[in-house]
Amino acid sequence: ETGVTQTPRHLVMGMTNKKSLKCEQHLGHNAMYWYKQSAKKPLELMFVYNFKEQTENNSVPSRFSPECPNSSHLFLHLHTLQPEDSALYLCASSGGSSGKANEQFFGPGTRLTVL
Amino acid sequence: AQSVTQPDIHITVSEGASLELRCNYSYGATPYLFWYVQSPGQGLQLLLKYFSGDTLVQGIKGFEAEFKRSQSSFNLRKPSVHWSDAAEYFCAVGGQNQGGKLIFGQGTELSVKP
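Protein sequences appear in the order of chains C and S.
Counting in this note's numbering, the first sequence runs from 49 upward without gaps.
Counting in this note's numbering, the second sequence runs from 786 upward without gaps.
Same shape as in the complex, but just chain S (with noise of 0.2 angstroms):
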């Protein structure tokens, strides 16, 4: 079955430290792989996302995401947290026979202490 964790549902960084939420998927085909953030009360804004190619791909913000074929991974990083990136993260994966749909992990909330 198809299928994404996020094993942690909550993480607490402090100002300035390096952070990594993972994301782990279950999908019998190619993966498209997204990470999307959360705001409280707010929509959904897409980070970034892999489709083909380099493993190692950029987006807003300053975060990156590596895909690990091998391990089934797709985590989330960023070198260096500001107090504004606390939200929910929600790593999703689709595929070209999903018709579009995609299917979401429970998300994991970052706080940010000074």
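If we strip away everything but chain C, and leave its shape as in the complex, we get (with noise of 0.2 angstroms):
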């Protein structure tokens, strides 16, 4: 496997169901992000992780818990979400100084469906 890969890529879950999404970086990056992406809106920046620390929580409900257990993984842990939390939800990772920080490569996303 190269680049960003994310799973499932599909997902539909009930409003009572708790589930995860999983995201996995093969480039030896140390920041990896989380965004949500719906239709018709902007990106929306959900959680940023550098070398595992959390260094930023843009305002995220609490029914969304990140975890990231080490630079090459993350996770996005579900429960009790809402319809309005379907979205695609995309990955991304960096690394290196200087410009090349902000050089994120995203992962193909999980497009999560809340009945």
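Hints may be right or wrong, so weigh each one.
[Said to hold, decoys possible] Negatives, chain C to chain S, calculated, CB over 12 angstroms:
{"id": "1", "residue": "T64"}
{"id": "2", "residue": "S68"}
{"id": "3", "residue": "E115"}
{"id": "4", "residue": "C116"}
{"id": "5", "residue": "N118"}
{"id": "6", "residue": "S145"}
{"id": "7", "residue": "E151"}
{"id": "8", "residue": "V162"}
[Stated by the list, open to error] No more than 27 angstroms apart at the CA atoms, straight line, and that leaves these computed lysine-lysine pairs for DSS-like:
{"id": "9", "chain 1": "C", "residue 1": "K67", "chain 2": "S", "residue 2": "K898"}
{"id": "10", "chain 1": "C", "residue 1": "K88", "chain 2": "S", "residue 2": "K834"}
{"id": "11", "chain 1": "C", "residue 1": "K100", "chain 2": "C", "residue 2": "K70"}
[What the hints assert, rightly or not] Sample of chain S residues lacking proximity to chain C, with all beta carbon distances greater than 10 angstroms (derived):
{"id": "12", "residue": "A786"}
{"id": "13", "residue": "Q787"}
{"id": "14", "residue": "R807"}
{"id": "15", "residue": "L841"}
{"id": "16", "residue": "N860"}
{"id": "17", "residue": "R862"}
{"id": "18", "residue": "V866"}
{"id": "19", "residue": "W868"}
{"id": "20", "residue": "G879"}
{"id": "21", "residue": "G890"}
{"id": "22", "residue": "S896"}
These are calculated hints, taken from the structure and not from any lab test.
Every residue, glycine too, gets a C-beta built ideally from N, C-alpha and C.
Need the complex rebuilt from these two chains, each delivered in its own frame; the hints are there to steer you.
Here it is as structure tokens:
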């Protein structure tokens, strides 16, 4: 596997379910990101992790719980979601310094539908 | 405040015609600038980037962009559009003190007519 991978690619869940999204990067990067992309809305940055430490939580509701066990893996745990949480969830990673630290590589996303 | 504006929500061009997608940014320091492309249901793919140096940068798939500091712009161009270029295009800005974070524009959806 190369680049950034995300599983599952599609997920349908009820409002009372608990599920997790997984992201893995094979690029040796030290930073990882979760974004939410809803229809007709700009990308929303949710969380940022640098060297496994959370450095940004963009006022995300607590029903979204991130976990970063190491620099290569990032999870997003979901519980008691709402229908408005249905969206494409994108993971990205970046590494290096200066401009390279900003050069983010994206996974294919998980299309989440909350019923 | 830092921001990125893509004035055109949707553009339609004929196949073989030239393309220019506009991007204006507001950023207090030296910006790092990026263009990404997204096909439906997919992630974002990096087309090109500008960190410093030559203000005309070349990217993949025949795209180029020009950084104009005086106009705070980083417009994306392609001399001849192919049907496969139909997608959504995002401009983004980052910087030295952003901790790797990018600020994205709202995106421009490109349609290509035969």
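Report task. Could you check the structure against the hints above and give me the numbers of any it violates, in ascending order? Result -> 6, 7, 9, 20 and 21
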